[in-house]
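Undergrad: Put together the whole structure using the sequences plus the hints.
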Amino acid sequence: MPGVQEGASAPTDGSGSTSRRIGGLSRLEGVAASRRPGRFRRHLRRGAVAWLLMLPTLLALAAVSFYPIFNGIWLSLTNTSLITNASDFVGVVNYANLANDGEFWNAWFHTVLFTAVSTGLETVIGLGMALLLFETFTGRSLVRAAMLVPWAMPTVVTSKMFGWMFDGQHGVVNYILVQLGILSANVDWLGSVRTALGTIILADVWKTTPFMALLLLAGLQTISPTLVEAARIDGATGWTAFWYVRLPLLWPTLLIAGLFRALDAFRVFDLVYVLTGGGPADSTETLSTLSYKVLFSTLQFGYGSAMTMAMFATEGIIALGFCLFIIRQLRRQA
Amino acid sequence: MTAHRSVLRPILTYTGAFLILLWSAGPFIWQFSTSFQLDRALTAPTPSFIPHPFTWQHYANAFFHRQLWFYLRNSLIVASVTTLLCLALGSLAAFALSRLNIRGRFGLLMLILSVSMFPQIAIVGPLYLIASACNLLDTYTGLVIVYLALGLPLVTWVLFGYFETLPRELDEAGRVDGVSTLGLLYRIILPISLPSLVTTGLLAFIAAWNEFLFALAFTSNFRHQTVPVGIANFTDLYYVPWGDISAASAVVTVPLIILVLFFQRHIIQGLTLGGLKE
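Quick mapping for you: the protein sequence lines, in order, are chains A and B.
Read in our numbering, the first sequence has 366 at position 91, and its numbers run on one by one without any break.
Read in our numbering, the second sequence has 320 at position 160, and its numbers run on one by one without any break.
Derived from the structure by calculation, the hints contain no laboratory data.
Mixed in with the good hints, there may be bad ones.
[To be verified] If you anchor each label on the Cβ, the simulated ranges turn out as follows:
| no. | chain 1 | residue 1 | chain 2 | residue 2 | range |
| --- | --- | --- | --- | --- | --- |
| 1 | B | Leu326 | A | Gly443 | 54 to 64 Å |
| 2 | A | Ser499 | B | Ile171 | 27 to 37 Å |
| 3 | B | Arg233 | A | Arg469 | 23 to 33 Å |
| 4 | B | Leu354 | A | Leu458 | 51 to 61 Å |
| 5 | B | Gly343 | A | Ser362 | 26 to 36 Å |
The structure presented is a predicted model; accordingly, all values stated were derived computationally and were not measured.
The beta-carbon is built from N, C-alpha and C at its ideal position, and this holds for glycine as well.
TA: Printed below as a string of structure tokens:
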């Protein structure tokens, strides 16, 4: 089982062997310290060295991630604007305005919809791809290699590529669909309110599904084949063996991959910014793109920060919900 | 029934495999083909898959007319420096977490992981104000500092996962030989971790190479803008230059694809260890 669980079990192994190495005495640190000052000092020094080695990383994260978050909370309580040069404390006025801001809720709704639909599709299609790649067939490594292409490509390039394929006039998708008789006339995929968000979701699904599949494949490969075989011997067909043996064992991987995917989908920016800029008629506006406009076009850093903090809170709730669900599922299984 | 099944199964498998291949590689192959086609072929009523007549015109346009040279140079500098710093700092942190008896190790790992989950839009505003106050807007340094912090969680996690797989007898042997703590890292652990360092470095490089939001906010002209911002700005007044965009896309994506294909096995392993992070 990759990921968090491995991380969770590894440290216990690690510290176990470390304390063994130090001579099995670290459990009785106090006693050891009083009797053997040299050993204690060495222990202390190694702790100091460890923190010293961690320091650059922790400093970088503190300066570029934690401090800005706290600064953002402060800014969201002010009327900071780079146009009026104001920056006075105004309390929760920004949040009150946010609650009545139609554009904000419009973007909030699109973001949640985008996250739910794209994560769902990516997990289901990714699982299908993973199961297929689990079979042995000639050319499997070629397929697996090709699946890394969408992942490695810059998202801006993906966006432009979909913009060209789904172009309303000369796009190849229109051409194919019209030739096949599925469409009677060209559709302006990204220029029409009805299809724009769907096209962006499709671009996201294209870019991230293959990678999801590779992660799930890695999870599938950790499941002991003897279990599936045993089920087969007991008379389970391919489908029941999947449903009752493989899927439950894959469940933790699936949930964690889904969580990471959802958190990532929630902050979608590049695709929307490049493909539609939030249009047509705000039909693809998401929280990241709307916040970016408020921050960098209208330069209202106070109000923009309130918006990003509301987004941060929503993301936190998603993460918390997912984590509680994962823990409950894992408990039930254990 | 069984005979029927044994014929059907490979057919289904190969159909599925072909569909995945088409899905993954198809769009980019079309983009690649587009980059060699004349504008009038691209706007013809019937698109053709094979470029005919073949042209390098879009590549010339992208490089000389649209400053792709500058964007490539900027991206190369920013991504390389970020990668080196990420590896230098991340390996220290991963080593401390894996080999030194650090207190609250699990908490630290979780803290580092949770940082990578922060929505970047939530930190871009405050960071912009700081960068502006420190005169770091429109500089490589500003971008490198941000990318370093964005890349460190992944690098630390992946390297930590790798260090944990190295046998602890190595440490013992080193200690018997009288190697210091840092000597253990630089003379024993890092040399045998070279494959993992290369893969992790590649992941950090790709992340910095592809990053868009901060590059967009922190840079305002081609002297410091990176490739994604450059390509996003490829527009003309009356039409979208799809050919030039495709050419630039090919230039910035093909090297990545080659690198990724070369290291594919390590990448999948590294990322699976690294907590399923993209």
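Undergrad: None of the hints should be skipped; say for each whether it holds.
TA: The hints, checked one at a time:
1. Remark: the range hint 54 to 64 Å for Leu326(B) to Gly443(A) is upheld by a beta-carbon distance near 55 Å.
2. Evaluation of the 27 to 37 Å hint for Ser499(A) and Ile171(B) yields a pass: the beta carbon distance comes to about 29 Å.
3. The hint said 23 to 33 Å for the Cβ distance between Arg233(B) and Arg469(A), and at roughly 42 Å that hint is violated.
4. A hinted range of 51 to 61 Å holds for the C-beta pair Leu354(B) and Leu458(A), which are about 53 Å apart.
5. In this structure the supplied range 26 to 36 Å is violated for Gly343(B) paired with Ser362(A), their Cβ-Cβ distance being about 51 Å.
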